[in-house]
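Participant: Spelled out from the first residue to the last, the chains are:
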Amino acid sequence: AQKVTQAQTEISVVEKEDVTLDCVYETRDTTYYLFWYKQPPSGELVFLIRRNSFDEQNEISGRYSWNFQKSTSSFNFTITASQVVDSAVYFCALSAGTGNQFYFGTGTSLTVIP
Amino acid sequence: EAGVAQSPRYKIIEKRQSVAFWCNPISGHATLYWYQQILGQGPKLLIQFQNNGVVDDSQLPKDRFSAERLKGVDSTLKIQPAKLEDSAVYLCASSFLRAGGVTDTQYFGPGTRLTVL
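Quick mapping for you: the protein sequence lines, in order, are chains A and P. The opening residue of the first sequence carries number 2 in our numbering; numbering runs sequentially from there. The opening residue of the second sequence carries number 89 in our numbering; numbering runs sequentially from there.
Be a bit skeptical, because a hint or two may be false.
Looking from chain P toward chain A, a few residues come up when the C-beta cut is under 7 Å (computed) [as the list claims (entries may be wrong)]: (1) G130; (2) P131; (3) V161; (4) G188; (5) T191; (6) T193; (7) F196; (8) G199.
No lab work stands behind these hints: they were computed from the structure. Ideal placement from N, C-alpha and C gives every residue a C-beta, glycine not left out.
Using the sequences and the hints given, assemble the complete structure.
Facilitator: And the structure:
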């Protein structure tokens, strides 16, 4: 069975602080894909990153960075020097098995206080 | 490149009425998905199409929900009759179909917020 756990329901930080959003996944497949999406108040899910199970290299994109560790089944997301525009709900998702189906976590609501 | 289009953006109906949502995927994307997102939860897959065929509809409440993608491009999701618990955001997503079963990124539309009174 495939499962994604985002244990942090809500996080509040003051602007310019760093924040890490946790994502733990479960799958028995050796080939799988992990994703992060941002859902601002407008409601649309915005794609942030896609990572396959064979690529454990960490990735940095501007203020965003991702730490993929297969040993702990985690794919954590860090925002450096947070800004008010980062306020949104962030979803981690797993795709494994056949059919390209996505399994979403319950999301972490991030509020950045000016 | 145009993104996934959905309409309407908002809909308010009374219980037992019917409602339909429309989705036009990104051009060239063979796979189309409908999700239901209840407030405070992650999206839940209702149905997945590949071209005009259904890949997975195991979580679609078939007694009241139906969906079609007749020409393999745009799609319609219908609820008839609606219940109070159907109040949610209905998201449409599409993805490119890669060879060999490689998972591709799903791109989402803005969603339709349904309120059932």
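Participant: Checked against the structure, which of the hints given earlier come out wrong?
Facilitator: Numbers 3, 4 - these are the hints that the structure violates, sorted from lowest upward.
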